[in-house]
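**Student:** As you go down the protein sequences, you meet chains A and B in turn. For the working numbering, count along the first sequence from 1 and bump the result up by 157. For the working numbering, count along the second sequence from 1 and bump the result up by 82.
Treat the hints with care, as some may be off.
Listed below are several chain A residues computed to face chain B (Cβ distance under 7 angstroms; list not exhaustive) [unchecked claim]:
(1) 242
(2) 317
(3) 321
(4) 324
(5) 328
(6) 365
Derived Cβ-Cβ restraints for the label pairs, each shown as a range [stated by the list, open to error]:
(7) A:312 to B:102: 24 to 34 angstroms
(8) A:342 to B:98: 22 to 32 angstroms
(9) A:187 to B:86: 22 to 32 angstroms
(10) A:169 to B:128: 55 to 65 angstroms
(11) A:290 to B:85: 36 to 46 angstroms
(12) B:118 to A:354: 22 to 32 angstroms
(13) A:290 to B:164: 45 to 55 angstroms
(14) A:335 to B:164: 16 to 26 angstroms
(15) B:157 to A:312: 27 to 37 angstroms
(16) A:195 to B:85: 56 to 66 angstroms
(17) A:195 to B:167: 44 to 54 angstroms
So these bits of chain B aren't anywhere near chain A, every CB distance computed over 10 angstroms [what the hints assert, rightly or not]:
(18) 84
(19) 92
(20) 95
(21) 103
(22) 108
(23) 110
(24) 115
(25) 116
(26) 119
(27) 122
(28) 142
(29) 145
(30) 163
(31) 165
(32) 167
(33) 169
No lab work stands behind these hints: they were computed from the structure. From the three backbone atoms N, C-alpha and C, an ideal C-beta is built for every residue, glycine too.
Below, each chain spelled out in residue letters.
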Amino acid sequence: MDITPDTIIIFQWNGIQINATIFYTWVVMALLIFISWLATRNLTVGPKINRWQNFLEVIVGYIRQQVREITQQNPDPFIPFLGTLFLFISISNLLAIIPGYQPPTGSLSTTSALAICVFFAIPIFGIAKKGGLAYFKHYLEPSIFMAPFNVIGDFSRTLALAVRLFGNVMSGTLIVGVLLIITPLFVPIIMQVLGLLIGQIQAYIFTVLATVYIASATRVENKLEKNEQKEGSKEDE
Amino acid sequence: MSSIDIIGAVSIITAGITIALGSIGPAIGEGMALARALGAIAQQPDEANTITRTLFVGLAMVESTAIYCLVISVILIFANPFWNYVLSQVG
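This is chain B alone, in the form it adopts within the complex (with noise of 0.2 angstroms):
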């Protein structure tokens, strides 16, 4: 296999791993909290706003390492640094 080979192909599967397990983390995580707050909303529907809102800035947090991992991938595949260079190298 040459370089140009071996780049593209790692590229593309480190891509998939990256969003793969990136987003199971996060996805359990959500899926915690969510049910937490269910929860605090069905005891105390007065506190309705607060909860919703806190909740909603909480899964922003815990959903920006997911991001984090999908931009990784989407560099990778889109805009990979490795692959234009060898690409001006080769030609």
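Chain A extracted, bound-state conformation (with noise of 0.2 angstroms):
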């Protein structure tokens, strides 16, 4: 039994090897792109609109409005990044319907890759938005001799992210594939529809949780609201 699709070749060409990872990658980014030119195709602004635009309307509308009540602030620069973890995540899990389909967010070379993303994202957007001095400020917070955890906490959060993913997806699969030795009628088909609830969950955790990095990263903090500000960081932890 495969704990992870890295190991299924699908097909090698000159010594190149193109595991299931990759290639249900590539899947799930050519179906993205697909439907986003379909939809983008004739916009308009009138009030006869066609039913992919009105489709993709209500999608990004809603995680723009989720992104926003979650920072606090205006949800347009997060929204390419956020949105598209959160997309691909969620098709990638929901293609599981599929026969034969292994979900690339199941092997975690996929989900340290989107983990290191959010990594590298928080500061970029931070210091975007705050400047550099005042971003690397917050690791000596609430004192200096707390900067090692801090930054400890840096790690250990991305890690959380990628394993979290990982874990959820991959118990799903495995599930499945040992009640199909014990029960083989009907059990596997309602943990199936199990598994596809935990892949939509789990592709909104994902996104919520690297909002609310991101969120606590850009935060300008006023000298009111200081003392507000820490307790409320102590949570976000």
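Given two chains presented individually in distinct reference frames, assemble the corresponding complex, making use of the accompanying hints.
**Tutor:** Here it is in structure tokens:
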């Protein structure tokens, strides 16, 4: 039994091996790009909009509203990154209803790559918003002795993001595999449905956590609010 | 017992203990968090959106410890490095 799609080789050419993770990542990417191209082909601001544009407007509008509620800021700078994260993870988990498809998020390589993107996005957004000095000053809070723990916290939350998504998706496919041996009738289907639900929840949670981290890095503090902010930032960790 | 028997037995027993102990703590924690959140929603139904979102994020964080245990026990059973090493030595 495979616990990761990395070991499944789809095809190889001149010694370059394309495994299932890379292949299905490309499938998901192609699907996302194709749907976006289809929907944005003839955009209109008139009252008669076609159904693809309507569909995409609902999704983008809902993501914007969620990000605005969490960050309490203008969501537009974060939408391209966070929206892509959510749509990619969501689609790659949703396509598990197609037989033979291996979700690329069930591989630690994919989830590590996504978590490393978040790891670098946090200081980029923070420095762009507050400036380098003000951003790195938050490592020295509440006192200079806490600086190592703040740095460790940065790495451990990246690791947690990667392993959480990998563990949830991997356990979904693994449970179905085990149940196929014990009770091959009906029960695996119910667990598959539960796996779809868990996949969507994990896509939501990954995006919300990335949003919370970015929001805490880009929050501009006032002198008056500082005491409240300190209590709030403890809860973020 | 040869070393291959010891490694096999210890791996299986440890995998079981890992997932058993590792699921107790997060289960209690999630139950308490859920009970508090339900109480809060009952008191303030208007804030249900915020409470639900915070609850989901918190549950995911609590649950990640259980997921770590699951990953460790799965590695012990399906991709055990010591087992593979012993197998390569034997034959």
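**Student:** Does residue 324 of chain A meet its interface restraint, that is, does its C-beta lie within less than 7 angstroms of any C-beta in chain B?
**Tutor:** Hint holds; residue 324 of chain A Cβ to chain B Cβ min 4 angstroms, cut 7 angstroms.
**Student:** Indicate whether the distance between the beta carbons of residue 157 of chain B and residue 312 of chain A respects the range 27 to 37 angstroms.
**Tutor:** Given about 21 angstroms between the Cβ atoms, the range is violated.
**Student:** Take the shortest C-beta to C-beta distance between residue 365 of chain A and chain B; is it under 7 angstroms?
**Tutor:** 5 angstroms, holds
**Student:** Looking at residue 103 of chain B again, its CB stays over 10 angstroms from all of chain A?
**Tutor:** 17 angstroms, holds
**Student:** Between residue 290 of chain A and residue 164 of chain B, does the C-beta distance stay in 45 to 55 angstroms?
**Tutor:** 49 angstroms, holds
**Student:** Honestly, do residue 290 of chain A and residue 85 of chain B meet the 36 to 46 angstroms range at C-beta?
**Tutor:** Violated, since residue 290 of chain A and residue 85 of chain B (Cβ atoms, about 57 angstroms apart) do not stay within the stated range.
**Student:** Measuring from the C-beta of residue 317 of chain A to each C-beta in chain B, is the shortest one below 7 angstroms?
**Tutor:** Result: holds, 5 angstroms to nearest chain B Cβ.
**Student:** Given the hint of 22 to 32 angstroms, check if residue 342 of chain A and residue 98 of chain B actually sit that far apart at their C-beta atoms.
**Tutor:** 27 angstroms, holds
**Student:** Against the range 56 to 66 angstroms, how does the distance between the Cβ atoms of residue 195 of chain A and residue 85 of chain B compare: consistent or not?
**Tutor:** 60 angstroms, holds
**Student:** Report holds if the minimum CB distance from residue 92 of chain B to chain A is greater than 10 angstroms, and violated otherwise.
**Tutor:** 20 angstroms, holds
**Student:** Taking the minimum C-beta separation from residue 95 of chain B to chain A, is that value above 10 angstroms?
**Tutor:** 19 angstroms, holds
**Student:** A range of 44 to 54 angstroms was offered for this pair. Does it hold for the Cβ distance of residue 195 of chain A and residue 167 of chain B?
**Tutor:** Roughly 52 angstroms apart at Cβ, these two residues keep to the hinted range, so it holds.
Going through the hint list in order, the structure does not satisfy hints 1, 9, 11, 15, 28 and 29.
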